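Novice: Residue numbers (my numbering), protein chains in the order written: chain A, 173 to 508; chain B, 16 to 137.
Keep in mind the hints are simulated off the structure, nothing from the lab.
Keep in mind that this is a model prediction, so the values were computed, not measured.
Don't take each hint at face value.
[Claimed, not checked] List of simulated lysine-lysine pairs, BS3-like, C-alpha gap at most 30 Å:
id : chain 1 : residue 1 : chain 2 : residue 2
1  : B       : K57       : A       : K230
2  : B       : K76       : B       : K130
3  : B       : K52       : A       : K304
4  : A       : K234      : B       : K57
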Amino acid sequence: MSALGILGRFAAMLVLLLVNGVVLIYMLRKVLGRLHLRIGPNRVGPFGLLQTTNDVIKLLTKEDLRPDSADAWLFNIAPYLIFVPSFMAYIPLVFGPTLAVTNLDTGLLLAFALTSLVPLGVLMAGWSSNSKWSLIGGMRAAGLQIAYEVPLLLSALGPVMMAGSLDPARIVAAQSGVWLGFIPRWFVIPQILAFVVYAIASQAETQQTPFDMSEAESELITGFANEYGGMRFGFMYLAEFSNTFIVSAIGTMLFFGGWQLPWVATPAWLAPFVFIAKTYTGIFVMMWARGSLPRFRVDQMLSFCWKVLIPVSLAWVVVWACVQRLWPVVAMAVSR
Amino acid sequence: MEPTYAFDYSVIAWFLIGGVAFVGVTLGMSRLLQHRKPGRVKSEIYECGVEPVGPPWVQLKIGYYLYALLFVLFDVETAFLYPWAVTLDAMPLFVLAEMVVFLAILALGLAYAWKEGALQWR
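Please put together the full structure from these sequences, using the hints given.
Specialist: As structure tokens, then:
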């Protein structure tokens, strides 16, 4: 890969992230609006399409304040720590048979490692603001986001076992073809339990509403981001939407065959559109949940994670490992 | 695959540098564009318009740290599980049995924490 190649990939992913941010914010407002029987933005531009663009300009030109009592150094670097990993998490995404930033043998692990840095930045932002709301938001993020990381990682093990690889490209490739002549070989079908755990845990990881304890609007105003304004806040907000895209994209690659259409061969030019369409469908479902469910209490959320999700996903890992490893052995013994 | 291995990973470093640069440049641009007018009241922390009482950097619930400890335990365990899951089919049955024993011990640990009330938010 030449220097130009790297620059091109960098620019492409950056543009994708920014477009995702603008589109997803508009989509969130419209979807939530419809779910709440409102109209959503409809004043700026046709159908309110220019609303987010205007918001970006507003954020850019707004004075970004820092409280005098805040810890300046940590306060300044927290937006970097939240935004940059979520941008880097675009590296392992596979958009088509030959379309990806790069091929990484351990791409899946890299994606999870990067998304798990977010709680650190959130905690840093919350603590350094020297404000009670921010600190509570930051601590909740540390307690809850990391807790839901365990089931998230455990639920991804099922597809990894089936594909026998951590390379997203190979995990996607392992899902081509059909079972029994008509069921697409998507891992969601045998791994439905793992997928449910993944969906719940990723909703918590991206701090979306049934689990948005770290920003809980009605109790903590905006939680950890309370003291942030202007573009610093803008980056945190953008990272949140970027993370939503990432978890949905990883879910698509792990459970829904990535860029592949079911039953028919996918032409290379269509693959990225299929991938984006599947990912956006996932995001829509997440927004749907966000618009329909009330927020959990902190203790409910923690006990749900530790007493339901983690035991269930641990048991599933054991059950599936035994099924997958012992099946050929048993089949051979029976046929003999 | 093999010859490109080292180079593939260098992309991560370039994305890191580029990402930091992008945030830095954008924040710098915003700094030039914005109208700055600092004030004493403006740089106070925000608590719904009420004057803040007492320092916010106080001792927090010990419960958070308990959960953090449990998290470290299970996260490290999951990191062990990944290489095992990748090579599951290629390894002898003994490896499967070994991991089941390992998970059983960890599940016992979780059950103990549960029994002792460490999973209860108080």
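Novice: Run the distance test for B:K52 versus A:K304: straight-line Cα separation, threshold 30 Å.
Specialist: At roughly 25 Å apart (the allowed maximum being 30 Å), A:K304 and B:K52 satisfy the hint.
Novice: Is B:K76 within 30 Å of B:K130, Cα to Cα?
Specialist: Holds, at roughly 20 Å.
Novice: Hint check: A:K234 vs B:K57, CA-CA at most 30 Å. Holds or violated?
Specialist: holds (14 Å)
Novice: For the pair supplied as a hint, B:K57 and A:K230, confirm whether the alpha-carbon distance does not exceed 30 Å.
Specialist: Distance ~19 Å between B:K57 and A:K230 Cα, so the pair holds.
In summary, the structure agrees with every hint in the numbered list given earlier.
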